[in-house]
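Enquirer: Let the hints inform the model, and build the full structure from the sequences given.
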Amino acid sequence: MALKLADVKTDLHNDWCPGCGDFGIEASVQMALTEIPVDINRVVIFSGIGCHGKIVHWTNTFGIHTLHGRLMPFAQGAKLANPDLEVIAIGGDGDGYGIGAGHFMHAGRRNIDMTYIVHDNQVYGLTKGQASPTQGLGEKTKSLPEPNINSAVNPIMLALASGYTFISRSYAFDSRHLKETIKRAIAHRGLALVDVLQPCPTYNDINTKDWYGGEDRRDEKNRPIPRCYDIEKTTGFDPTITPEMSIEEVEKKTLKVIELSKEWGDKIPIGVFYQNERVSTYEDRIADRISTYKQAYPAKQTLAGKDARPTVDLEYLSKELLIS
Amino acid sequence: MSLISSRTNNLSWMIGGAQGSGVDSSANVFSRACVLAGLWVYGTREYYSNIKGLHSYFEVRVSDKQIRSKIDEVDLLTTFDAETLIRHAEAVRPGGGIIYNPSLVRSDIRKVDTLEDNIVEKITGRLVGQGFTPNVTGLLDEAKRRDIQLFPVAYDQVISQTAQKIGETQLSKVSRIINVLAVSASMAVLGLDVNYVERAVEAIFGAKKKVIEMNVIGAELVYNAIKSIAHPPFSAKLAPVENTKPRMFVAGNQAVAFGKLVGGCRMQTYYPITPASDESEFLESHENFKLLDGYSHDGQGSIVVVQTEDEIAAITMAIGASLTGTRASTSTSGPGFSLMVEGMGWAGMNEVPVVITLYSRGGPSTGLPTRNEQGDLQFALHASHGEFPRIVLSSGDMEECFYDAIKIFNYAEKYQCPAIHMVDKALANSNMTILPLSAERALIDRGKLILDGSNPQDGGTPYKRFKFTEDGISPRAVLGLKGYRFWNTGDEHSEIGHIDEDPENRIKMMTKRMTKLETAAREIPDSEKFNFFPASKSSADVTIVSWGSSKGAILEGMELLRRDGIDAEFLQLRLMSPFPTDSVKKTLSKSKLIIDIEQNYSGQLASLIAEKTQIEIVNKILKFNGRPISRDEIYDSVRSTVKAPQENERLVLVHGA
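Those protein sequence lines, which keep their order, are chains S and U. Just so it is clear: in the first sequence, position 104 is 104 by this note's numbering, and no numbers are missing. Just so it is clear: in the second sequence, position 222 is 222 by this note's numbering, and no numbers are missing.
Treat the hints with care, since some could be wrong.
Claimed, not checked - To spell it out: a stretch of chain U is covered by chain S in this simulated footprint if at least three of its residues, at any positions, have a beta carbon under 8 Å from a beta carbon of chain S; those stretches are:
no., segment
1, 251 to 261
2, 429 to 437
Said to hold, decoys possible - Result set (DSS-like, lysine-lysine): computed pairs, CA atoms no more than 30 Å apart in a straight line:
no., chain 1, residue 1, chain 2, residue 2
3, S, K300, U, K290
4, S, K300, U, K482
5, S, K4, U, K537
6, U, K464, S, K306
7, S, K319, U, K65
8, U, K208, U, K52
9, S, K9, U, K467
10, U, K612, U, K586
11, U, K508, S, K9
12, S, K183, S, K140
13, S, K9, U, K482
14, S, K306, U, K529
15, U, K482, S, K294
16, U, K290, S, K294
17, U, K467, S, K300
18, U, K245, S, K319
19, U, K512, U, K586
20, S, K9, U, K464
21, U, K208, S, K319
22, U, K122, S, K9
23, U, K173, U, K227
24, U, K144, U, K122
25, S, K306, U, K467
26, U, K592, U, K529
27, U, K448, S, K300
28, S, K4, S, K233
29, U, K586, U, K529
30, U, K643, U, K537
31, U, K290, S, K306
32, S, K4, U, K482
33, U, K144, U, K111
34, S, K209, S, K262
35, U, K173, U, K245
36, U, K209, S, K319
Rather than coming from a laboratory, the hints here were simulated on the basis of the structure. Heads up, the beta-carbon is just placed ideally off N, CA and C, and yes, glycines get one too.
Expert: Here it is in structure tokens:
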């Protein structure tokens, strides 16, 4: 039975600010959930701390609202213990590129088959508008006492350097594009990043909805020229790196990702930058060492018999330490 | 008075050398040879936070009955470098022995650059003061004056003879046998047949045929060389005893690892840290294991061991795993535990069973990374902000390390909270012979865990993960279970798990969580909370209170004290949270004299007892020099305290190099 949007929403009062990009992300995530071929009972959403974190409470799936910056290790722990779960981590830019940046990087090295969606609005909304790691040097969003003294991190390049095998960007108010990107991220076998640009109507008075929409620049028919452009649609860019490709081709594609990731301002690329199908998942690597991992993963193992006795053969296990 | 009545099968052997030079395997070969001869051993390892070059040493106590502690005196010091001799010659008892390398006799103490300045000063001062030269010759002269028997072993010569015999022209390829030569020389002095050394070598080096060959040849050469020289019989002896029962030669961290596997731990996360990583590595090398007949439908058992980017990830990843119904744990030491406290608080708030094995080492900060201390008790009890229930259990010996590693998962799951298993470095890194560990007494109790989704609650009332109950414990479903959808959040929450800041709900939710601690206190039997070792007569002269690795030394010290007419009883605290207040109060209120013995500066258990029972323990025996407490120190210090309690309210123990 196909799910309807109402099935994946809870009836709790949503307390995000009116006009927040979070609404766009929530809607796209929930629409994606109704369209993916996955049993909704197996879906678990993890969130971090920040405005975004409450998304799990508005969404009717297993929802784990974790600690600031730590959602990735929480989520990876669950996925490794039960690889049958469909794990989606939803974080914020301060959460994932700031306090949790270490986890962001190491998650890439593992390449666990899961999805990581980042709300990227360049500010710390829930603490009233401080600059987040993606805000540019010298920019001064409205609640900053002084212009931002730090340079912005580049999430696309950071993900590439860390080993993410699916790297994408979308925009919160382009629901169709965002939903499709999320679906592709979920379908990807490996760790998939969806960096989602979003306005913060309360604290980010620079990267506003109007700014993203290009209201400040018009074509000859006085239509706004949106800043975001879809790299795949517009340029025919193909992000896929297949096992058959030569090293040179891979190299060329990788350099193109870096090139694209540097575009910002008047032209902001969105879409899938990189999809590498050559890299094994962490689950595969475990299965290489533990042949029963995929059938008898940690959460599925029988620990004790009906008499509560442990199932492990200790005598056999401890043979190497026995001396007689 | 000498503490040792007979020195046959009752002695202490020491070997030292530069870290990375094979001292570990020397001690291993020696210990194994003794165990093969039917004897029991207890070995402690001391090492610097260093990989190669700095001094490390092993003390191995051997006996014909089970032993559980180290002692101060050394009967035979086996050396092949100058530094070991310089550092430890003083520890050899009068009448004991020293094996040394005669080519080093002219080594100048001041020129051994790995010796700390204050040690150089102390030792040269001691030698010069007695009219000896400040070099190895002087040390040996001093030893002779103390009636110590000296055994020169020309290691270099034996190594070249061995090389010749096996046709090896490169001496450097043979020189590593010096470790086994030292052991074999020791056995020649102690009188145990070289055959035991050879069997130990074979067991340890396994498939490395050539290594075994050169070691066995060298061992025999050195053994016969010593035997061929006539010297007066040595004062301590080893002789094989009949021991038909198999025994286990185990280190504390291995006992914990076995306990975890038996106890159902199927995911372990860790970030490398001394002395905790050994356990995780041991688990990883046993990641596939056999199940008992009847469970073969799973084929085999397995544990996923993940090395994380830091301890924050280690604890939060373990929590994530636990949410799926997996028994998950992480192992760390003080500095790593410091990073885990926020994650632990989240587990407390969301009632997630997660096990933290906390190996205690010298703090604060990096402290003494490779040395022993019990400085983290109060930290374990109070780590993380806010209030939430936690279980804290401490092990005192190898068997407890094993059984507690099983039990701690039961506690964590029954009471749905973080559970900390405390193990001292002195247990983690000590090796001893015990009767084989057995899973017979082990039971798995998963509490109110719902794994079966055949009775979904969808449609009717929604599943309440944090349902208010009498005992504070709610039925716990796992991620992915149909019909049991739930939410978790670090925020205060409703029974469903959504954020809820309502003051009434807050009171109920806080009370519900904290009630679990009362439930645990009520349900866990006294036998799991503490051990009480009574005096031999009805009223003890003194009550010793302690915890952790001091247990063995205290029990053996008590035997010696009894010979002196001091009849002690011993209360070993095991469960620190929830604390067995009533039982402790009852025991201590009858005491004539209470002595708190701890391996920390301030007496953290005494503070806990005072907090819970209002009983102030005035007399304390403390040790915080980073070296484990010994039986002899217990004997001496308890004796002094009993004789003059007022003059000895705070005794600080100092033994150890």
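Enquirer: Evaluate each hint against the coordinates.
Expert: A quick look at each hint next to the structure:
Three residues within the 8 Å Cβ limit are the bar, and the segment 251 to 261 of chain U against chain S gives 3, so the coverage statement holds. Proximity of the segment 429 to 437 of chain U to chain S, defined as three or more residues with a beta carbon under 8 Å from a beta carbon of that chain, is established by the 3 residues found. Simply put, K300 of chain S and K290 of chain U have alpha-carbon atoms about 16 Å apart, close enough for the 30 Å limit, and the pair holds. Proposed proximity of K300 of chain S and K482 of chain U is supported: the alpha carbons are some 15 Å apart, at most 30 Å.
With a C-alpha separation of about 77 Å, the suggested pair K4 of chain S and K537 of chain U falls outside the 30 Å cut-off, and the hint is violated. A distance of roughly 27 Å separates the Cα atoms of K464 of chain U and K306 of chain S; the hinted pair therefore holds under the 30 Å criterion. Annotation: proposed proximity of K319 of chain S to K65 of chain U holds, straight-line Cα distance about 22 Å (limit 30 Å). For the suggested pair K208 of chain U and K52 of chain U, the alpha carbons sit about 23 Å apart, so the restraint of at most 30 Å is met.
Taking the CA atoms of K9 of chain S and K467 of chain U, the gap is near 22 Å; set against the 30 Å cutoff, the hint holds. For the hint pairing K612 of chain U with K586 of chain U, the CA-to-CA distance comes to about 12 Å; that is within 30 Å, so the pair holds. Under the criterion of a C-alpha separation no larger than 30 Å, the hint pairing K508 of chain U with K9 of chain S is consistent with the structure, at around 27 Å. Note on K183 of chain S and K140 of chain S: the hinted pairing is violated, with a Cα-Cα distance of about 35 Å set against a maximum of 30 Å.
For the hint pairing K9 of chain S with K482 of chain U, the CA-to-CA distance comes to about 17 Å; that is within 30 Å, so the pair holds. Of the supplied pair hints, the one linking K306 of chain S and K529 of chain U holds, its CA atoms being roughly 27 Å apart against a limit of 30 Å. Only pairs whose Cα atoms come within 30 Å are accepted, and K482 of chain U paired with K294 of chain S is accepted, the gap being roughly 20 Å. The straight-line distance between the Cα atoms of K290 of chain U and K294 of chain S is roughly 17 Å, inside the 30 Å bound, and the hint therefore holds.
Of the pairs offered as hints, the one joining K467 of chain U and K300 of chain S holds, with about 25 Å between alpha carbons and a cut-off of 30 Å not exceeded. For the proposed pair K245 of chain U and K319 of chain S, the alpha carbon gap of about 14 Å is at most 30 Å, so the pair holds. The suggested pairing of K512 of chain U with K586 of chain U holds, with an alpha-carbon distance near 29 Å, which does not exceed 30 Å. About 18 Å separates the Cα atoms of K9 of chain S and K464 of chain U, which keeps this hinted pair within 30 Å; it holds.
For the given pair, K208 of chain U sits about 20 Å from K319 of chain S by alpha-carbon distance, which is consistent with the 30 Å threshold. This hinted pair does not check out: K122 of chain U and K9 of chain S have alpha carbons roughly 75 Å apart, beyond 30 Å. A C-alpha spacing of about 27 Å is found between K173 of chain U and K227 of chain U, which places the hinted pair at or below 30 Å, so the restraint holds. With a C-alpha separation of about 19 Å, the suggested pairing of K144 of chain U with K122 of chain U holds against the 30 Å cut-off.
For the hint pairing K306 of chain S with K467 of chain U, the CA-to-CA distance comes to about 27 Å; that is within 30 Å, so the pair holds. In summary, the hint linking K592 of chain U to K529 of chain U is supported, as the alpha carbons are separated by about 23 Å, within the 30 Å threshold. Taking the CA atoms of K448 of chain U and K300 of chain S, the gap is about 17 Å. The hint holds against a cut of 30 Å. Taking the CA atoms of K4 of chain S and K233 of chain S, the gap is about 29 Å. The hint holds against a cut of 30 Å.
Using a Cα cut-off of 30 Å, the hinted pair K586 of chain U and K529 of chain U holds, with the two alpha carbons roughly 14 Å apart. For the proposed pair K643 of chain U and K537 of chain U, the alpha carbon gap of about 19 Å is at most 30 Å, so the pair holds. For the proposed pair K290 of chain U and K306 of chain S, the alpha carbon gap of about 19 Å is at most 30 Å, so the pair holds. Distance check on the hinted pair: K4 of chain S and K482 of chain U sit about 18 Å apart at the alpha-carbon level, within 30 Å; holds.
With a C-alpha separation of about 23 Å, the suggested pair K144 of chain U and K111 of chain U falls inside the 30 Å cut-off, and the hint holds. Of the supplied pair hints, the one linking K209 of chain S and K262 of chain S holds, its CA atoms being roughly 21 Å apart against a limit of 30 Å. With a C-alpha separation of about 39 Å, the suggested pair K173 of chain U and K245 of chain U falls outside the 30 Å cut-off, and the hint is violated. Between K209 of chain U and K319 of chain S, the direct Cα distance comes to roughly 22 Å. Compliance with the 30 Å bound is thereby established for this hinted pair.
Violated hints for the displayed structure, listed by number in ascending order: 5, 12, 22 and 35.
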